[in-house]
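**Student:** Use the sequences and the hints to build the structure in full.
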Amino acid sequence: MSDQPDTPQPQTPPPQPAAAPPQQVSVEIPANLDAAYANFAVITHSPSELVIDFARVLPNTPKARVVSRIILTPMNAKLLSKALAENLAKYEAQFGPIIIPTGLAEQLFKPPKPPE
Numbered sequence: 000m001s002d003q004p005d006t007p008q009p010q011t012p013p014p015q016p017a018a019a020p021p022q023q024v025s026v027e028i029p030a031n032l033d034a035a036y037a038n039f040a041v042i043t044h045s046p047s048e049l050v051i052d053f054a055r056v057l058p059n060t061p062k063a064r065v066v067s068r069i070i071l072t073p074m075n076a077k078l079l080s081k082a083l084a085e086n087l088a089k090y091e092a093q094f095g096p097i098i099i100p101t102g103l104a105e106q107l108f109k110p111p112k113p114p115e
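So that you can map any letter, position 108 of the sequence shown is 107 in numbering that gives the first Met the number 0, and since no number is skipped, the others follow by simple counting.
Source of the hints: derived by calculation from the structure; they are not laboratory data. Source: prediction; values computed, not measured. A portion of the hints provided could be inaccurate.
Claimed, not checked - For each label pair, taking beta carbons as the anchor points, the in silico distance ranges come out as:
{"no.": "1", "residue 1": "S47", "residue 2": "N86", "range": "20 to 28 Å"}
{"no.": "2", "residue 1": "N38", "residue 2": "P16", "range": "18 to 26 Å"}
{"no.": "3", "residue 1": "P61", "residue 2": "I97", "range": "37 to 45 Å"}
{"no.": "4", "residue 1": "V56", "residue 2": "E27", "range": "29 to 37 Å"}
{"no.": "5", "residue 1": "D33", "residue 2": "I97", "range": "24 to 32 Å"}
{"no.": "6", "residue 1": "Q22", "residue 2": "K77", "range": "15 to 23 Å"}
{"no.": "7", "residue 1": "T11", "residue 2": "L71", "range": "37 to 45 Å"}
We put the beta carbon where it would ideally sit given N, CA and C, even for glycine.
**Tutor:** What follows is the structure, given as structure tokens:
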């Protein structure tokens, strides 16, 4: 036995798994796919998903008609948010800033009022 105190051995971090190469996804758009115009969205969530209801509001019409519902995992919603931000930055770099009237986001993206 040695009279020297035990010196701690430097710990090496566990090896990180190698990053998988990005997967190429082929996107097929059916020829008969109808595009839906939306100028209003309602976003709700649970612990496991985010739901975006895209709707169309017409002037002098008290109801918004939902034209599409998209359900996302929180991670995919975050990735969508990032992709939208990147694409909006590219759009503004090419076409100039998008001006948002004061209060418009609050009008268009607030939860619907319950029926009275």
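**Student:** Which numbered hints turn out to be false for this structure?
**Tutor:** 2, 3
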